[in-house]
Amino acid sequence: MTAKKRTYRILLFLVILIMADKGLGWYLESLYKQNRCDFSNGKLNVYLDKKPPDTLFVGSSRVLHMIKPEILGANTELLAHQHKHIYHNAALIDILRMKKKLPKKVLVLHIELEDLYMRTEPMLLDQLYSLKYYYHQNPLVKRLIDKQGYQEPIKFLSSVYRFNGDGWKLLSYPITNNCKEVSKDGYEALFPSENDLKRLEKSLVDDFEPMQLDKINPEFEKLIQQVQKTCSSNGIELIVLRGPYYKLHPELNHATSLMQEIAVRNHIQFVNVPRVEVSGLEKKEFWYDNMHLNDNGASLYSKHLKSIFYLP
Amino acid sequence: MFYMSWEPAYILLILISTATDYFLCRFLTSKSEARKRKAGLILNISLNLVLLFVFKYYNFFQDTLDGLAQLFGGNYAPRYSSFLLPVGISFYTFQTLSYSFDVYRKKILPEKHFGKFALFVAYFPQLVAGPIERASDLLTQFKERVTFKITMLQEGAVLFLWGLFKKAVVADNLKILADHVFDNADFQNGGSIIFALFAFTIQIYADFSGYSDMAIGVSKMMGIDLSINFKTPYFSRSISEFWRRWHITLSFWLRDYVFIPLGGSRAQKWKIYRNLFLVFLLAGIWHGADWTFVIWGAVHGLLVIIERVFGWHKSPTNPIWNFLKWGFTFAIIILTMLPVRAEDFEHLLNLGGQILQTNTHELYLGFAENVFTPGIFGLIILFLVDWFVAKKSILDIRMKHWTVQLSWSVFIIISIILLGDAKAEAFFYFQF
Numbered sequence: 415m416t417a418k419k420r421t422y423r424i425l426l427f428l429v430i431l432i433m434a435d436k437g438l439g440w441y442l443e444s445l446y447k448q449n450r451c452d453f454s455n456g457k458l459n460v461y462l463d464k465k466p467p468d469t470l471f472v473g474s475s476r477v478l479h480m481i482k483p484e485i486l487g488a489n490t491e492l493l494a495h496q497h498k499h500i501y502h503n504a505a506l507i508d509i510l511r512m513k514k515k516l517p518k519k520v521l522v523l524h525i526e527l528e529d530l531y532m533r534t535e536p537m538l539l540d541q542l543y544s545l546k547y548y549y550h551q552n553p554l555v556k557r558l559i560d561k562q563g564y565q566e567p568i569k570f571l572s573s574v575y576r577f578n579g580d581g582w583k584l585l586s587y588p589i590t591n592n593c594k595e596v597s598k599d600g601y602e603a604l605f606p607s608e609n610d611l612k613r614l615e616k617s618l619v620d621d622f623e624p625m626q627l628d629k630i631n632p633e634f635e636k637l638i639q640q641v642q643k644t645c646s647s648n649g650i651e652l653i654v655l656r657g658p659y660y661k662l663h664p665e666l667n668h669a670t671s672l673m674q675e676i677a678v679r680n681h682i683q684f685v686n687v688p689r690v691e692v693s694g695l696e697k698k699e700f701w702y703d704n705m706h707l708n709d710n711g712a713s714l715y716s717k718h719l720k721s722i723f724y725l726p
Numbered sequence: 006m007f008y009m010s011w012e013p014a015y016i017l018l019i020l021i022s023t024a025t026d027y028f029l030c031r032f033l034t035s036k037s038e039a040r041k042r043k044a045g046l047i048l049n050i051s052l053n054l055v056l057l058f059v060f061k062y063y064n065f066f067q068d069t070l071d072g073l074a075q076l077f078g079g080n081y082a083p084r085y086s087s088f089l090l091p092v093g094i095s096f097y098t099f100q101t102l103s104y105s106f107d108v109y110r111k112k113i114l115p116e117k118h119f120g121k122f123a124l125f126v127a128y129f130p131q132l133v134a135g136p137i138e139r140a141s142d143l144l145t146q147f148k149e150r151v152t153f154k155i156t157m158l159q160e161g162a163v164l165f166l167w168g169l170f171k172k173a174v175v176a177d178n179l180k181i182l183a184d185h186v187f188d189n190a191d192f193q194n195g196g197s198i199i200f201a202l203f204a205f206t207i208q209i210y211a212d213f214s215g216y217s218d219m220a221i222g223v224s225k226m227m228g229i230d231l232s233i234n235f236k237t238p239y240f241s242r243s244i245s246e247f248w249r250r251w252h253i254t255l256s257f258w259l260r261d262y263v264f265i266p267l268g269g270s271r272a273q274k275w276k277i278y279r280n281l282f283l284v285f286l287l288a289g290i291w292h293g294a295d296w297t298f299v300i301w302g303a304v305h306g307l308l309v310i311i312e313r314v315f316g317w318h319k320s321p322t323n324p325i326w327n328f329l330k331w332g333f334t335f336a337i338i339i340l341t342m343l344p345v346r347a348e349d350f351e352h353l354l355n356l357g358g359q360i361l362q363t364n365t366h367e368l369y370l371g372f373a374e375n376v377f378t379p380g381i382f383g384l385i386i387l388f389l390v391d392w393f394v395a396k397k398s399i400l401d402i403r404m405k406h407w408t409v410q411l412s413w414s415v416f417i418i419i420s421i422i423l424l425g426d427a428k429a430e431a432f433f434y435f436q437f
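From first to last, the protein sequence lines stand for chains A and B.
Residue numbering for the first sequence follows the working numbering, beginning at 415 and increasing consecutively.
Residue numbering for the second sequence follows the working numbering, beginning at 6 and increasing consecutively.
Extracted from the complex, chain B is given alone in its bound form:
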């Protein structure tokens, strides 16, 4: 019902994906011959990836063929599909793929109960934007009886409110600011583009981690624990560390199901670098069907390889060096957000050109004035909380004393009501 509220017909997609995984995984465990088991797995993966390709990557594929034809002087008339991108398709496809791999590797037994398996695929808090869960973590919890405790509600609500604050106060206000600059890029100079990139970098973090917090919070209220997806990523001191703290469930998915099967860290050095690059290319293309995302993935892949080659991925002990590394890493993260924000390759080139502009300056914030200070206020609160969380465990976000919890909750609720964007912008990661 939750998924159908967006586009009723697309429930069929999730049903097909669920049924395919359920029956094919049961089939492959019933066979002892390796050949048949492998055939079952390949068939399952192919069906899932075909759906993903048709609904997410088909038009991108057509555009690429068209571009190639033009490059070589040929003529190709692209035939576009009119399908809407199903919300969360990348998330639930990767979740079901991990289940298939785990069953194939005999790490878990296939689920017998179709209803419980369907719940694993379409569990509403994390269906549309993660965290990407493993069956060994989530599915097993559905089999246990949950005894309701008021503390579950309390802890879940605090986390949910914090996520909502990040989304409504920080992300949505900064979005208006950043969009205003990016939509009028022709009139901006390098300074304002970089300012907008900074705003966008915070926006995307507050938006995505806000959603994850809300998903974890809602789930906690029902007695189900979801995986932590962010660990204050902007405090990272290298790009490698950033990917261990940003969208953790995707990073670990790619590590376990792509990087390690390709040879992991035990292969020859050039193979490790090749594998790392492939993993980051995949991470880029997972995010969006456009060359801008491929570029983003490739740039991050190259940066991680460079860090490995020079040993820069290790955390220094000297605090000054540590601080400089943090500053350098954060600056790179901001700059590499350019392809993520660009609408297409042409827009990326345009924005890149404007960064070098120094003369025309018309940073007209006009109607964005109303969102500037609330956005910065939210950013300061977010920074302080992240700082606190970085110093302790993330679970310490539920503060110990009840009076602190009470005052914090009142403060957050009033801030959301007063400063949150009432227009309720869609989550950025819904497009993935």
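Here chain A stands alone, though its shape is the one from the complex:
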């Protein structure tokens, strides 16, 4: 084969590869924007369609399954995702700012205490992958994803990569029509079941392995400051919340006081709700596992929050 022919084939390969990537990327983007189901950020799209609420809770599954907006007030909503902590949630709040969809009056940011430590950073960075679509649109998303390593900007040269992990569902939805609807106020109940007690007992063993918490992650405070700045420049009250555990890991006791120091230093309201403050939660029947309340427990906890928050 001549060198000319070989060069032609290599060029042809590159052209087809780029065309396939751009074409599929364009198609996936149109599906992504239309998506209102509970996958591939359909939950965020549903939220962005609506008028912003007065009060918004942002957080992990410990918000998603534990806080009932109907108890807290008519104009309260959750924007919470399973396994999503501070990096994801700070970036999500920045996307809301960018889209002019911040809540009107109060933003409650739920935090996990282990996120204060460097040890959890790889996990926090992994969680940002679900916001890949906003990589080229939001500087905070880009900065945090780029922390993963030098290879990240290279991956985003591909248009399709923004949909990595979600692509199959986006492509199959028009055919299967398999759509789990997003709940109106963002709450998803964990209904009590006979397995709750067994699960709680198991998590009381599993969750109590040594955490080996190391040095403090400065990014945590930086992100809290950024959220605080966003809120104050938009006239919104920020409350940082930490919800109850059935039993707190002993290594996290110190983290509570560290968080209080951060709150004082940055003039932020920090509300810590240990289990003992909420009457009734000492009973195991209200728990799904060590970290999550079931639907009955969520009612008790939400009533308690209503009594201390005085939300609009």
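All the given hints hold, so there is nothing to weed out.
Across the chosen pairs, the derived CB separations fall in these ranges:
(1) E595/A <-> Y81/B: 55 to 61 Å
(2) Q551/A <-> I385/B: 33 to 39 Å
(3) P266/B <-> G563/A: 46 to 52 Å
(4) E595/A <-> W407/B: 44 to 50 Å
(5) K643/A <-> W407/B: 53 to 59 Å
(6) I424/A <-> D230/B: 19 to 25 Å
(7) F388/B <-> H497/A: 27 to 33 Å
(8) F393/B <-> D560/A: 36 to 42 Å
(9) A488/A <-> E351/B: 48 to 54 Å
(10) V429/A <-> E149/B: 34 to 40 Å
(11) L425/A <-> E149/B: 28 to 34 Å
(12) V429/A <-> A395/B: 33 to 39 Å
For the record, the hints were derived by calculation from the structure and aren't laboratory data.
Don't be surprised by glycine CBs; every beta carbon is placed ideally from N, CA and C.
Given the coordinates of chain A, assemble chain B onto it according to the supplied hints.
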């Protein structure tokens, strides 16, 4: 540099192993007396095995002593070492041992050039997870001048991409699925444990053979051919055949350096069975320092012996019988993956108990939904390619016509970008 990127201090280990083999093999060839040659070989093997024992098996040994003491009512306080398991130690130790044996048996001459020998030990594509190469195959290639050809790059890249597809699309997606079930085994019933075992069986194959393909592909790009390590093992019709098609370089290593020296197939029948059992025990313990791996090796050893006793290791000619034998063998392979996946003996017992459970069923795939269909999609592609490969030669994976090659490569690249797990899980076999 490649090895140091993981744990810089452990470069010393590889250096010690390299220098020991290099100098002791040169020493034993310089001696004509059998006694001195043997002493040189024994010293060399001992030094290599001591390193392997200290870094891989020491804590297992302590646990076993502790267990024995408890069994007999005694008291033993285990003293654990805090060493991390050096990546690929089992692979390069076996590679250097084969070199020593071959030099001792005068099959090859000892390498004079230290740099080339060091390259043989630490050749980066296959250093951490094989294939386990022989000096007669790999070292000789380092002495030849390689003339770069674009076809080397082309063929290597196609193989590399296929390996990456297996790893990122098939193995990593199925891993999330399988882990989710195994990590919550208490809430699963027999059906979901077996489903997860199936996912794990495919995961481990896609993971390990994916690495081998990538290693062979990268090496091919540089003009060096590595040995084939897998020949569609899940199409085997007996456990004996499975071991001729799975991790071939380890199986052949054990055959040439353990089974044959023990007497091979020419000894008395009971001796053959004993030797087979020992070889499989060794294969099990090679994989991991835990009783679960010993059990895995022992079970496979017993199965191979049973096949030999009843003559079931021979391939039948009847297609229906052939199909049934394949199904039976594959089912056994899946079930015997349980000790490989179990974290320890206690977890193995727990999983074994859950297989018999029929009532509690909470196969909550939750966040694993996103990986289920890509994993199954990858599995179908993997099955089709393996089917194609099983029917022809493995080298036919580089398809003949350039347009097919081009479309295939575009398809594979886009699939990896869209469906691959972006979190890049570590290779399963790195722990060995």
